[in-house]
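> Residues per chain are reported as follows:
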Amino acid sequence: MDLNYTPDEEAFRRQVRNWLDENIPDSGLRGVDRNADRDKSTLEKMKAWQRRVHQAGYLALSWPKAYGGQAMDPVRQSIANEEMVRTRAPALIGAMGISMVGPTLIAWGDDEQKARYLPKILAAEEIWCQGYSEPGSGSDLASLRTRAEIEGDEFVVNGQKVWTSNAHFADMMFCLVRTDPDAPKHRGISYILIDMKSPGITVKPLVQMTGDRGFNEVFFDNVHVPRRNLVGKLNEGWMVANATLFHERNMLGSTTTTQMLFNRLKALAAGTMRSGRPLSEDPVFRQRLADLEIRVEAMKYHMLRQLTDSIRGRNPGLGAWVNKLVGTELNHDLATAAMEAMGDYALLARDDGHALDRGFWPYEWMFTLGLVIGGGTSHIQKNIIAERGLKLPKSR
Amino acid sequence: MDFGLTEEQEQLRESARHFLAGECPAAKMREIAADAAGFSPELERKIAQLGWPGLIVPEQFGGAGLGMLDMAVLLEECGYAAMPGPFLFSAAIAAYALAAGGGEELKTRWLRPLAAGAAAGALAMVEANDGLAPSDFATAARTAPSGAVINGVKMFVPYAQSASFFVVAARTGAGGREAGLFVVPADAPGVKVRPLKALDLTRRFAIVEFDGVLAPPESQLQGAADLYERVLGAGAIAIAADSIGGAQRVLDMAVEYAKVREQFGKPIGSFQAIKHAAAEIVADLEPARALTWYAAYAFDALPREAARAVAMAKARACDVYSRAADKAVLMHGGIGFTWDHDIHFWFKRSRMNESLFGAPPFHRERVAALGGY
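Here the protein sequences come in this chain order: L and S. The first sequence begins at 1 in my numbering and counts up by one. The second sequence begins at 1001 in my numbering and counts up by one.
One or more of the hints may lead you astray.
[Unchecked claim] Computed list of lysine-lysine pairs in DSBU-like fashion (alpha-carbon distance at most 30 Å, straight line):
#1 L:LYS391 - S:LYS1266
#2 S:LYS1197 - L:LYS394
#3 S:LYS1348 - L:LYS391
[Said to hold, decoys possible] Listed next, with one range per pair, are the computed distances between beta-carbon atoms:
#4 S:PHE1264 - L:LYS65: 54 to 60 Å
#5 L:GLY343 - S:ALA1369: 23 to 29 Å
#6 L:LYS197 - S:GLU1256: 54 to 60 Å
#7 L:GLY271 - S:PRO1025: 53 to 59 Å
#8 S:PRO1145 - L:PRO283: 43 to 49 Å
#9 S:GLY1065 - L:PRO119: 53 to 59 Å
No lab work stands behind these hints: they were computed from the structure. Just so it is clear, CB atoms sit at the ideal spot from N, CA and C, and this is done for glycine as well.
Given the sequences, and given the hints that come with them, work out the whole structure.
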């Protein structure tokens, strides 16, 4: 065990940090990552930011060089990610393309698909959204019913997707569709790429509990998609999607965001007076703060352990299955503690003039619960840990 | 950046797991627990042959000269087996205290036989008021012409009955505000041991009276207040590691049972209520294990981070173990509540681990204080 970085890695960290300090635009983009309402001018600024990150060589850190990625080793990837979070760099508008569809195409796509899509993902010329969940298929995703029938060299798509983040401005969708209704549910699904400007697509915004219009319903009415937009083999889409689904759920993320959230909670407690003393000096609240800090630190080392496994080329085993469950619940618990610390100020709407910290915590409290749900709720995560990790018998 | 075990540490873990499965299976553990002494001379002898008692003892005193992380890896396996005996207290804590604070003579007299398995040390720290701060101690070491004279009564002394020597915390210095640590032979005049009945049958505890016990100058460990804190820290890490292993064991037992026990015509492990309980144990346990490794590593390698790391690991590992044991017993249903089933040994050990060397609230308060809030 050795928790030091090499001089080269330390130099790399300084280099990333310096670049970020000099290049993060002073245009109010910081912090918009959690605010999903994106007007046209914000969108353009975010695309411009991604291009700068790309030109500087800090985008698509894990992609192979042949596809325009950085092919960075896991330590450098984690350093770069930590610095982005620490400096509160603006979110990458093309994140869904970079972390989801890009790696899928690299693994399963044909040469034409790779050449056609990958460069535009990096250049923020095409923004992607994910067409997975349906009104009747949430946790039981494989029951999805959006149909794609083959007519000549096209698919004709009919059905509906829901909770589709960014669909209101996305250029492309990677989508799971049913291509064989008679096969067992996992074996009749295909993974196709749909141009969002195709005739027959209707996007209706849904308002989230935060008040944002971040996700949407997407309706398909006889939408024609070329057959060359099929990724992998026909009816093998579940396998294609699963590789990246696992990626989304258990991303070897840094815990920097969580650590920053804790520091903010600590500052809130120190600055909040209760019964004539700071809340951080209240014995009961101190216990709660310390418990949260301990869980944050445990998660940090849990991630470092997995980073080490990945450097050593080893399977992280059972540990990786819990990342999504533990990480999202911890963030929500931090926000919940902050709401309690705020007392009556927690009842104010975000845009009320008296709202603390411009409504940061009430928003975070809601947003983090969304992350507990999205990508497989905690209940589903527990099923996965038990069935795939502990090999307990299937319930279904 | 490397946050993982070395090949040697992985081997230590594998060989310890294998050895204990053969030499200390649940049936053997129960046999030892039922015996008044609470340890098996035969098992202690075999452990000594493997070099475990000397794991963190410097090589010049017959040990392997390894660190606290190596010890934590080993203790995780001992916790997995709920291994009875003085090993944890002697080899991880008393050995650390002697190695860190003892003079040559003291080390030659006690550390060398400890490493060889011919002597075991016990810690005499807390008293009837159950406090860990030096100001809580009534036991005092009064300066006398030939050293110090120790008077006081210590409680919850692990394996006092079979110990060869005690590491005694006593007030010293002007006004008696500091905790000094003294090494006292168990057969010294004025030492009296009165056994306590313990809930956790895999361990033995006693009251030890020190009535005018003479402690020559060389018997005092050097390092004063800081050493006392470090010795408590070694204890906290040892118990945290035992807890991680124990939590893993109750999880394994519950999962195994859930695969074979049938109700409503199916294995109970196919029900989500059971699955979720098992998954929650995993979700608690895996990060807590990483935290415990970090604390053990920091104890040796990162002196500025060590105190906070140790407090975090002790609080978390013990919380996780107790919760896991609760859930695992519940998953067993009625059979889990019987004396015949083995799981209650781990259940009781989890609770005992919580108490030893500061309960989780004590350590959370330390985390808060060290974190500047």
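> Of the numbered hints stated earlier in the document, which are not met by this structure?
Violated: hint 2 alone.
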